[in-house]
Amino acid sequence: MPGNRLLPIVAVVLFIAVLCVGGLFWWRLRAAPPATSPTQQPSAAGQRLNEPLVITLSVPVDGLLAAIQAPVTRQPDTQSLAREALAALFADPTGSKAPVLKDLRLRGVYLDAVGTGYIDLAPVEQREVRASVWEELIALYAMVNTLSQNFEEIKQVRFLVDGREVQTLAGHIELSRKFTKRMDLVKQ
Amino acid sequence: MRKHFILLSIPFLLLALCPDAMSSEKGLAIKNVRFFSYAAFTRIVFELDAAAPYVVMKSDNGRSVTLSAYNGPLSVTASMPAVRDGVVKTVELRQESSRTTIVVLLDAAAGEVKDFVLRGPDRIVLDIMKGAVPAPVAQAESRKLIVLDPGHGGSKDVGIVTAQGQEKAMTLEIAEAIKLHLRKKNSDFIVTLTRERDQMLSLDDRAGAANAAGAMLFVSIHAASGAGTRVYIVDPDEGSLAAAPAANKTFLDFDSATEQQERVWGSQQASHTKASGELGRRLALSLGMSGGEPVQAPLAGLKAIDAAAVIVEVGMGQDRSWVAEAVAEGIASYVRENR
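Listed in order, the protein sequences are those of chains G and R. When we follow my numbering, the leftmost residue of the first sequence carries the number 1, and every step to the right adds one. When we follow my numbering, the leftmost residue of the second sequence carries the number 1001, and every step to the right adds one.
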């Protein structure tokens, strides 16, 4: 008789235990990564990362901007790739000798959530940047156009020098504003 | 009864904001002094290390204003600016026995003086209103006042350097030549230069001087290597965006007026876009620029100019006397059409 009275309690405990085990099993199944072939996907991604990406640089040539193609190393995100693009502009044989650009080095490129790219520059060996109005304008838009033409996410560009906002680079062009690409400065 | 007219002797509000000030007698520590020349007044801003009580007094003859600490010493780590905008001559640091004061020397156009404090960061602000110059005469003269601005200057800002020399010297030489040509063309023209010697001036100094003088037009001279000439005006897109604060010019009270005026600084050029374009086209034509259109750019040196304003960039290899004559002809042509 006492055995008969315990039977429903045991049944309920067993039922709860089965529910718990089942729930745990289901939760682990959901948390686990999808079942994929471990040999195929990572190797494809790795292969793609090793291929260079060809981008368009806006390089100052004879007082205007000229579009030239340059290979850069693929990067996992837009910010790193934007930095690669500008590094390629500064390393380009023509760009590296252009007025203003030759006196500057790239400290960093940052993107914010609303599509603004921040180009952080520094003078090379603390040298004063000396340039005409036109040279300053062309150098700034070389950087602006290089970013705007290659990255849809970058809607406008702002400049920093040594991490801070400054009034101008060489005394002429206002840097406390957002820049968007200008095609009238590009050689046709 | 009082020898001095005390404008606002002790702003006790500051004592309430800064409870330490009364007990510790720390005095007043000024770390920077800036000034802004507006059409109606000149503002001098004293940036403080921390809020503290101060005293502002105007002299008997009304030609100077003295700022001193109410409690303790006045310490100043900033350099004092030479304003010279017709309202304020200079700001000087004076040491008399053991007392340090800052003296603002007022010029002929100075009128009423007001002071107030701003927080975050702590500042004492002096606004010196224009009052002494008879307005009709000033306006009549400003109709033809031409301000020429030789770019760069001083030992730290020489501009570009080529085999033909330094940009700062060339711009001064050309500006002086333009002035002579303009005087020959019309004796009614009043032509002034923002600098007449090798002197360093900030872009705001130049704009402040032109605005305070009531310039009709402003031509800044710069140089580039080579033999071409370019004329620049402020990018109108930038101007129209910056013009927004200027629209509200009906001020209800003093503080809101001055605060709004401060926000307007740097957007003055927005309301002269059309005039600057016209002046630019006249100059481009007289200089023989292909296309006859000025280049639009975000120009730091023109954005605060409250008049038609352009930059003329002259090739270092060009005939300077020819350029000066062509610029003078372009300016004269614009003034004739826009009197």
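One thing to keep in mind: the hints can contain errors.
Just some of the chain R residues that point at chain G, by a computed CB distance under 10 Å [as the list claims (entries may be wrong)]:
1. V1103
2. D1157
3. G1159
4. I1160
5. A1224
6. G1226
7. G1266
8. V1295
9. K1303
Treat the hints as calculated values from the structure; they're not laboratory data. Fair warning: this is a prediction, and the values are worked out from it, not measured in the lab. Glycine is no exception: its CB is placed at the ideal position from the N, C-alpha and C atoms.
Going down the list of hints, with the structure as the test:
1. The closest approach between the C-beta of V1103/R and any C-beta of chain G is roughly 30 Å, which is over the 10 Å cut-off, so the hint fails.
2. Hint status for D1157/R: holds, given a least beta-carbon distance of 7 Å to chain G, under 10 Å.
3. Taken as an interface hint, G1159/R checks out: its beta carbon lies about 7 Å from the nearest beta carbon of chain G, inside 10 Å.
4. For the restraint placing I1160/R at the interface with chain G, the shortest Cβ-Cβ distance is roughly 5 Å, inside the 10 Å limit, so the hint holds.
5. Among the interface hints, the one on A1224/R holds; its C-beta lies about 3 Å from the nearest C-beta in chain G, closer than the 10 Å criterion.
6. About 8 Å separates the beta-carbon of G1226/R from the nearest beta-carbon of chain G, less than 10 Å, and the hint is met.
7. Hint status for G1266/R relative to chain G: holds, with the closest Cβ pair at about 9 Å, below 10 Å.
8. With a cut of 10 Å, the hint placing V1295/R at the interface with chain G holds, because the nearest CB-to-CB distance is about 8 Å.
9. Annotation: interface hint on K1303/R holds; nearest CB of chain G at approximately 6 Å, less than 10 Å.
Checked against the numbered hints above, the structure violates only hint 1.
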